[in-house]
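Novice: Just so you know, the sequences run in chain order U and B.
Count the first sequence with numbering that gives the first Met the number 0 and you get residues 0 to 351, in order.
Count the second sequence with numbering that gives the first Met the number 0 and you get residues 0 to 76, in order.
No lab work stands behind these hints: they were computed from the structure.
Mixed in with the good hints, there may be bad ones.
Straight line, CA to CA, 16 Å or less: simulated EDC-like cross-link-like pairs of lysine to aspartate or glutamate [said to hold, decoys possible]:
| hint | chain 1 | residue 1 | chain 2 | residue 2 |
| --- | --- | --- | --- | --- |
| 1 | U | K252 | U | D264 |
| 2 | U | K150 | U | E203 |
| 3 | B | K68 | B | D32 |
| 4 | B | K62 | U | E248 |
| 5 | B | K62 | B | D17 |
| 6 | B | K62 | U | E117 |
| 7 | U | K252 | U | D271 |
| 8 | U | K252 | U | E131 |
| 9 | B | K68 | U | E203 |
Computed Cβ-Cβ distance ranges for the label pairs, DEER-style [unchecked claim]:
| hint | chain 1 | residue 1 | chain 2 | residue 2 | range |
| --- | --- | --- | --- | --- | --- |
| 10 | B | H36 | U | R165 | 21 to 29 Å |
| 11 | U | G7 | B | Q29 | 53 to 61 Å |
| 12 | U | E100 | B | D32 | 42 to 50 Å |
| 13 | U | E33 | B | V28 | 23 to 31 Å |
| 14 | B | V10 | U | G74 | 50 to 58 Å |
| 15 | U | E100 | B | G75 | 51 to 59 Å |
| 16 | B | E65 | U | R20 | 28 to 36 Å |
Glycine is no exception: its CB is placed at the ideal position from the N, C-alpha and C atoms.
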Amino acid sequence: MYLPHARGPLSTALVAVLGGRDLLDETALVREVELIPDDVDLLTDEDVQLTLWVLYELHYRGFEGVDDDWEWDPGLLQVRRALEDRLLAQLRFATAPWVQEALGAKGDVASRLFALTESVPGAPLSSYMQREATEEEFREYLVHKSVYHLKESDPQSFVLPRLQGRAKVALAELQYDEYGAGRPDQLHQALFAGGLDALGLSSEYGTYVDRVPAPTLAVTNVMNLFALRRSLAAASMGHLGAFEATSSEPCRKVAGGCRRLGLPDAVSVYFDEHVEADAVHEQLAFRDICGTMAAARPELVEDLFFGAAAYLVSESVAGQTMLDAWAEGRTSLREEPQPAVEERELETAVAS
Amino acid sequence: MTAAPAERRPVVVTACPDGPVLVRGADVVQDADGASHAVTRPVVAVCTCRRSGRMPWCDGTHKAVERAKRRKEQQGG
Ligand code: FES
Ligand SMILES: [Fe+2]
Ligand SMILES: [Fe+2]
Chain U
0 MYLPHARGPL
10 STALVAVLGG
20 RDLLDETALV
30 REVELIPDDV
40 DLLTDEDVQL
50 TLWVLYELHY
60 RGFEGVDDDW
70 EWDPGLLQVR
80 RALEDRLLAQ
90 LRFATAPWVQ
100 EALGAKGDVA
110 SRLFALTESV
120 PGAPLSSYMQ
130 REATEEEFRE
140 YLVHKSVYHL
150 KESDPQSFVL
160 PRLQGRAKVA
170 LAELQYDEYG
180 AGRPDQLHQA
190 LFAGGLDALG
200 LSSEYGTYVD
210 RVPAPTLAVT
220 NVMNLFALRR
230 SLAAASMGHL
240 GAFEATSSEP
250 CRKVAGGCRR
260 LGLPDAVSVY
270 FDEHVEADAV
280 HEQLAFRDIC
290 GTMAAARPEL
300 VEDLFFGAAA
310 YLVSESVAGQ
320 TMLDAWAEGR
330 TSLREEPQPA
340 VEERELETAV
350 AS
Chain B
0 MTAAPAERRP
10 VVVTACPDGP
20 VLVRGADVVQ
30 DADGASHAVT
40 RPVVAVCTCR
50 RSGRMPWCDG
60 THKAVERAKR
70 RKEQQGG
């Protein structure tokens, strides 16, 4: 994929550095991060979320024309760390009531995690997709989801070596299923890509990053923040469990929406598969993975709850942002970015 | 020369409280009507609440069943 278009001072500096047009001044960037006022909501901050998204993408497929070794550049890691610490602080604060409630509740950790997924309020996005969304809104929904689903489950693969025993085995079982259980055509990423293709949307990795707003990027960023930091492995697995445990029922509704709109089967297939798969995955994640981790290391319980609540909060912000846009009769996507000045000049030069 | 029969891993069934049973190592699951359903994933969740829309597989509906039960208890109690 190509480097996305910047959305503010941090991402402008980062894109310029990765594009080879500027030198990295990590001290200045870290200072810039530190100067973000405390009351700024980072989940909806376009510049912060795009910057994090680009930094995380260096660990996956990288960008056209960008040296892969930026992945382990200490200066960029320093900037990422500064951003992550701010985001973590906000998430810890926002989720504290539910984490405390879960810590004080009775029952085993798995049942408390399931209860937590029912107590954090979510946005009624899947009901809207089921009953009301227009075909255009449905296409937008897929565009938002493509940012994660085209690399579905990849973040959690980073966590495997950090788990032991039964928890490791259960995550491997879960991931094997996500990765098609031995059948490349059943790879969940490929199922999702098939739906995009069937609607004439692009299934090319990263195409729509420029089109989605901060809250959509934040969903993936929070996932990566947990998955890439070993100290947050428990938060990552709580996050995974909450994702799986709030998937079967919504996917059934979204699949219903596909049929209501008469969309091709290639679109609903992804959602139908997840009704069934995630009914298994939620048990694996909460009981075999989180339950085992909690039994082996009780000090991890708080982070299991934290990760689960952080997922629910970030997903709810992303969903509500879409619903708000549609309720006002506007698109939930960002405008197609205009080519940067240098690109325009280059195009004119080539054309003449 | 005859090959020794391949060692088969045992089928393991695990009950989830208020939810499905997880089955590992099975090839086929038979539903109440005797129809066979091929197992295509490493672990399957077989519905025990009998409310699933995708029998014999669990589709998470048991959670709605539990929610309704809790609500009734709260109202009744
Ligand atoms: S046990 Fe899950 S739907 Fe019946
Ligand atoms: Fe999946
Ligand atoms: Fe899943």
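Novice: Does each hint hold? Answer for all of them.
Specialist: Now the hints, each set against the structure:
no. : hint                       : result
1   : U/K252 x U/D264            : 15 Å, holds
2   : U/K150 x U/E203            : 11 Å, holds
3   : B/K68 x B/D32              : 27 Å, violated
4   : B/K62 x U/E248             : 9 Å, holds
5   : B/K62 x B/D17              : 8 Å, holds
6   : B/K62 x U/E117             : 10 Å, holds
7   : U/K252 x U/D271            : 10 Å, holds
8   : U/K252 x U/E131            : 11 Å, holds
9   : B/K68 x U/E203             : 46 Å, violated
10  : B/H36 x U/R165: 21 to 29 Å : 27 Å, holds
11  : U/G7 x B/Q29: 53 to 61 Å   : 59 Å, holds
12  : U/E100 x B/D32: 42 to 50 Å : 43 Å, holds
13  : U/E33 x B/V28: 23 to 31 Å  : 57 Å, violated
14  : B/V10 x U/G74: 50 to 58 Å  : 54 Å, holds
15  : U/E100 x B/G75: 51 to 59 Å : 24 Å, violated
16  : B/E65 x U/R20: 28 to 36 Å  : 57 Å, violated
Hint compliance for this structure: hints 3, 9, 13, 15 and 16 are broken, all remaining hints hold.
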